[in-house]
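For the sequence shown, the residue numbers in numbering that gives the first Met the number 0 are 0 to 174.
Watch out, some of these pointers could steer you wrong.
With a straight-line Cα cutoff of 25 Å, these simulated SDA-like cross-link-like pairs (lysine to any residue) come out [said to hold, decoys possible]:
id	residue 1	residue 2
1	LYS4	SER19
2	LYS32	GLU72
3	LYS4	PRO20
4	LYS159	LEU91
5	LYS159	THR137
6	LYS4	ARG94
7	LYS32	GLY46
8	LYS159	GLY42
9	LYS32	ASN132
10	LYS159	ASN114
11	LYS57	PRO155
12	LYS57	ARG167
13	LYS57	GLU156
14	LYS57	ASP121
15	LYS159	SER90
16	LYS57	PRO116
17	LYS4	ALA16
18	LYS57	LEU111
19	LYS4	GLY46
20	LYS32	TYR17
21	LYS159	PHE92
22	LYS4	TYR17
23	LYS159	ALA115
24	LYS57	LYS4
25	LYS159	ALA141
26	LYS32	GLN48
27	LYS159	LEU68
Since the hints were made in silico from the structure, they are not lab data.
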Amino acid sequence: MAAPKSAPAPVLDDARAYSSPPVAPAAWMPNRKAELTGFQPSGPQLGYQGPDQGFALKIAAGFRDRLQLAPGEDADDAIRGCLGIALRRASLFSRAPVVHDLTIAFTIWGYLDANAPEDLVDDRWPRFRGVANAHHYTEARALADMVPEATLRMTPEAVKTAYPGRWRELTGVAA
0 MAAPKSAPAP VLDDARAYSS PPVAPAAWMP NRKAELTGFQ PSGPQLGYQG
50 PDQGFALKIA AGFRDRLQLA PGEDADDAIR GCLGIALRRA SLFSRAPVVH
100 DLTIAFTIWG YLDANAPEDL VDDRWPRFRG VANAHHYTEA RALADMVPEA
150 TLRMTPEAVK TAYPGRWREL TGVAA
């Protein structure tokens, strides 16, 4: 708290002021060997970069109880398979994942539909089986890469309208 003007101050006290240190350190430069220059690399199995991608795991956990699984299907496989799709959609818009990214991913594969078409369930079973295991990274990447960009750019409402009649088009599965 400042002293009132009426408080006596000794005349001989030095006024305190900022003074620089005698030596300034050199400026930091991004010149490490592993430093990326330019854009993120792209290519097979490199994924789709984006901010705060780990948040998608928290969002996906909220879907676990709502997933409609066929006998023998595993919720972890469904989440891991759809996670890459959701992260790819988020990266297209240069943002962190949101609930709509996962909603679209789960919708196009019929995981939010108790009456999913039988041919869709039969098709997704071999594609998603085991992808929760880290050794099946290639299969999880294939799921994320096969969904057309046009599907990922759709709104959740547009996907709900197109599903289930156009599920092959939405997922990128050849007819």
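Evaluation of the provided hints:
For the given pair, LYS4 sits about 30 Å from SER19 by alpha-carbon distance, which is inconsistent with the 25 Å threshold. A hinted pair counts as satisfied when its Cα atoms are at most 25 Å apart, and LYS32 with GLU72 does not qualify at roughly 44 Å. As the CA atoms of LYS4 and PRO20 are separated by approximately 33 Å, the hinted pair breaks the 25 Å bound. For a cut-off of 25 Å, the pair hint linking LYS159 to LEU91 stands: about 20 Å separates their Cα positions.
The straight-line distance between the Cα atoms of LYS159 and THR137 is roughly 28 Å, outside the 25 Å bound, and the hint therefore fails. The suggested pairing of LYS4 with ARG94 is violated, with an alpha-carbon distance near 54 Å, which exceeds 25 Å. For the hint linking LYS32 to GLY46, the alpha-carbon distance of about 22 Å falls within 25 Å, and the restraint holds. Taking the CA atoms of LYS159 and GLY42, the gap is about 31 Å. The hint is violated against a cut of 25 Å.
As the CA atoms of LYS32 and ASN132 are separated by approximately 32 Å, the hinted pair breaks the 25 Å bound. At roughly 14 Å between alpha-carbon atoms, LYS159 and ASN114 fall within 25 Å of each other, so this suggested pair holds. The hinted pair formed by LYS57 and PRO155 meets the criterion: a straight-line CA distance of about 19 Å does not exceed 25 Å. A threshold of 25 Å between alpha carbons decides the hint, and for LYS57 with ARG167 the separation of about 28 Å lies outside it, so the pair is violated.
Restraint check for LYS57 and GLU156: the C-alpha separation of about 23 Å stays at or below 25 Å, so the hint holds. Simply put, LYS57 and ASP121 have alpha-carbon atoms about 28 Å apart, too far for the 25 Å limit, and the pair is violated. Of the supplied pair hints, the one linking LYS159 and SER90 holds, its CA atoms being roughly 21 Å apart against a limit of 25 Å. Taken as a hint, the LYS57 and PRO116 pair is broken in the structure, with Cα atoms around 28 Å apart against an allowance of 25 Å.
At roughly 20 Å between alpha-carbon atoms, LYS4 and ALA16 fall within 25 Å of each other, so this suggested pair holds. With a C-alpha separation of about 18 Å, the suggested pair LYS57 and LEU111 falls inside the 25 Å cut-off, and the hint holds. Between LYS4 and GLY46 the alpha-carbon distance is near 66 Å, which puts this suggested pair outside the 25 Å criterion. With a C-alpha separation of about 38 Å, the suggested pairing of LYS32 with TYR17 is violated against the 25 Å cut-off.
Taken as a hint, the LYS159 and PHE92 pair is honoured in the structure, with Cα atoms around 20 Å apart against an allowance of 25 Å. A distance of roughly 23 Å separates the Cα atoms of LYS4 and TYR17; the hinted pair therefore holds under the 25 Å criterion. Proximity of LYS159 to ALA115 is assessed by CA-CA distance (about 12 Å); at most 25 Å being required, the pair is judged to hold. Under the criterion of a C-alpha separation no larger than 25 Å, the hint pairing LYS57 with LYS4 is inconsistent with the structure, at around 58 Å.
Of the pairs offered as hints, the one joining LYS159 and ALA141 holds, with about 23 Å between alpha carbons and a cut-off of 25 Å not exceeded. Of the supplied pair hints, the one linking LYS32 and GLN48 holds, its CA atoms being roughly 20 Å apart against a limit of 25 Å. Simply put, LYS159 and LEU68 have alpha-carbon atoms about 18 Å apart, close enough for the 25 Å limit, and the pair holds.
Of the numbered hints given earlier, the model fails hints 1, 2, 3, 5, 6, 8, 9, 12, 14, 16, 19, 20, 24; all others are met.
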